[in-house]
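Q: These are the residues of each chain, in order.
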Amino acid sequence: MRPMLLLILTLTILMTGAPQVLAASSDAPRAMDSKKEEAEAAFKKLDEAMSQAREAYYEPMDKARKEGVLSPEEMSKIELDPDLLPIKVVGPKILKAIEKYVGTEVALAQCSELLYLSSREESQAWMFDRVSDLMITHYLESESLKNFCTMAHYMGDSPANVKLLRSIFADSPHRDVKAASGYALAKVLGSSKDTREEGLELLKKIGSDFGDVVYYRDTVYGDKVKGDLFEMEHLQIGCVAPEIIGKEVFGNLMQLSSFRGKVVLLDFWGDW
Amino acid sequence: MYPHERSLVEKYPADEFAIVGVNSESTVEAAQEAIKKNNLTWMNFYDGGTNGPISTRWNVSGWPTIYLIDAQGIIRYKDVRGEDMDKAIEELVAELRTEKQKAETK
Chain E
1 MRPMLLLILT LTILMTGAPQ VLAASSDAPR AMDSKKEEAE AAFKKLDEAM
51 SQAREAYYEP MDKARKEGVL SPEEMSKIEL DPDLLPIKVV GPKILKAIEK
101 YVGTEVALAQ CSELLYLSSR EESQAWMFDR VSDLMITHYL ESESLKNFCT
151 MAHYMGDSPA NVKLLRSIFA DSPHRDVKAA SGYALAKVLG SSKDTREEGL
201 ELLKKIGSDF GDVVYYRDTV YGDKVKGDLF EMEHLQIGCV APEIIGKEVF
251 GNLMQLSSFR GKVVLLDFWG DW
Chain X
1 MYPHERSLVE KYPADEFAIV GVNSESTVEA AQEAIKKNNL TWMNFYDGGT
51 NGPISTRWNV SGWPTIYLID AQGIIRYKDV RGEDMDKAIE ELVAELRTEK
101 QKAETK
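Keeping their order, the protein sequence lines are chains E and X. 26 is the number that this note's numbering gives to position 26 of the first sequence; each next residue is one higher, with no gaps. 83 is the number that this note's numbering gives to position 83 of the second sequence; each next residue is one higher, with no gaps.
I should point out that these hints are in silico values taken from the structure, not numbers from a laboratory. Just so you know, these numbers come straight off a predicted model, no measurement behind them. Check before you lean on any hint, since a few could be wrong.
Said to hold, decoys possible - Here are the computed lysine-lysine pairs in the DSSO-like style, where the Cα-Cα straight-line distance is at most 30 angstroms:
(1) E/K77 x X/K87
(2) X/K106 x E/K77
(3) E/K146 x E/K204
(4) E/K193 x X/K87
(5) E/K247 x X/K11
(6) E/K204 x X/K87
(7) X/K78 x E/K187
(8) E/K163 x E/K187
(9) X/K106 x E/K247
(10) E/K187 x E/K247
(11) E/K247 x X/K36
(12) X/K100 x X/K37
(13) X/K37 x E/K66
(14) X/K37 x E/K247
(15) X/K11 x E/K77
(16) E/K226 x X/K11
(17) X/K36 x X/K100
(18) X/K37 x E/K193
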């Protein structure tokens, strides 16, 4: 129940656009409130437009599914119209609304979603650049940046993502945001050959300086980093598989090394 | 996933290939139920939840996570899926057979 599930959770929150309240320090709280409401209404409309765009984009797949059960291979052969990519169709409108309502929390949540979507499409790199610049200019103080940071390492090692994470890690006044951005930055740097050493150093630093900060549920960064370091050292291709000794589901003792001499498919699974 | 895994277990002799599961269900009853329901014929460690000691040590953060280990106990593939997984198993089993033949002719 860590990053993948976390990512899904975070995305769900983003997609459903859980309204968040901006601490209004303005002299005109009422004007602030009405701007917030206006922004929420605007983004809600755009969310709907996004759902419709998704439906239109995936229509050929839905149609195929209705006509009969296809194998995953057959499904992957269905061609989707690249001009109907939801991020291409609705993304620019969302970007415009973000620029209009920049500073509100609801616009920040939309920034995260746009970054996620544009990170997956090479042709939309320009959008990632624009949105990440907006975040650096307007949101470095926000504690809600943590939502973005917890999924930032799924957004690749583009210069724009690295720059954004570096800025957040350097300038955020919130310790939990610093921990999350530093961890994501370490992962991103560690995934690329040229910056692997820097990533490893930063990872160790997060483990020691932010070890007590909660990563997810009852796991703190100290434990998470320990796990990552163990993986780097002992769970890479070419390593001898670490021993597992324990009880199997029906109570008998078993150990992984007793399968030595056979090819083993080790499968971590759950039926959920 | 399960029907495909079952077919792999059937495809190779038991002294050449095995599946070892690590189940992350949060109760042992649920784990036993899942094994019966899906007709799994291979052994599964019970880890007591997604934060269990085995998953934690192996730094697993998504399910399913797959490792392919060769006959010498070396990790050879991580997170291979579908056809790639089948090819990888085929390769490792072929390797094992070659090694066995070599040992016999000596």
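Q: Confirm or reject each hint.
A: Structure-based check of each hint:
Taking the CA atoms of E/K77 and X/K87, the gap is about 21 angstroms. The hint holds against a cut of 30 angstroms. Taking the CA atoms of X/K106 and E/K77, the gap is about 49 angstroms. The hint is violated against a cut of 30 angstroms. For the proposed pair E/K146 and E/K204, the alpha carbon gap of about 20 angstroms is at most 30 angstroms, so the pair holds. With a C-alpha separation of about 27 angstroms, the suggested pairing of E/K193 with X/K87 holds against the 30 angstroms cut-off.
Between E/K247 and X/K11 the alpha-carbon distance is near 27 angstroms, which keeps this suggested pair within the 30 angstroms criterion. Of the supplied pair hints, the one linking E/K204 and X/K87 is violated, its CA atoms being roughly 37 angstroms apart against a limit of 30 angstroms. Of the pairs offered as hints, the one joining X/K78 and E/K187 holds, with about 18 angstroms between alpha carbons and a cut-off of 30 angstroms not exceeded. Taking the CA atoms of E/K163 and E/K187, the gap is near 14 angstroms; set against the 30 angstroms cutoff, the hint holds.
Proximity of X/K106 to E/K247 is assessed by CA-CA distance (about 39 angstroms); at most 30 angstroms being required, the pair is judged violated. With a C-alpha separation of about 33 angstroms, the suggested pair E/K187 and E/K247 falls outside the 30 angstroms cut-off, and the hint is violated. Using a Cα cut-off of 30 angstroms, the hinted pair E/K247 and X/K36 holds, with the two alpha carbons roughly 17 angstroms apart. A distance of roughly 37 angstroms separates the Cα atoms of X/K100 and X/K37; the hinted pair therefore is violated under the 30 angstroms criterion.
Restraint check for X/K37 and E/K66: satisfied, since their Cα atoms lie roughly 27 angstroms apart, inside the 30 angstroms limit. Only pairs whose Cα atoms come within 30 angstroms are accepted, and X/K37 paired with E/K247 is accepted, the gap being roughly 20 angstroms. At roughly 28 angstroms between alpha-carbon atoms, X/K11 and E/K77 fall within 30 angstroms of each other, so this suggested pair holds. Only pairs whose Cα atoms come within 30 angstroms are accepted, and E/K226 paired with X/K11 is rejected, the gap being roughly 39 angstroms.
Only pairs whose Cα atoms come within 30 angstroms are accepted, and X/K36 paired with X/K100 is rejected, the gap being roughly 35 angstroms. Proposed proximity of X/K37 and E/K193 is contradicted: the alpha carbons are some 44 angstroms apart, above 30 angstroms.
Against the hints set out earlier in the document, violations occur for numbers 2, 6, 9, 10, 12, 16, 17 and 18.
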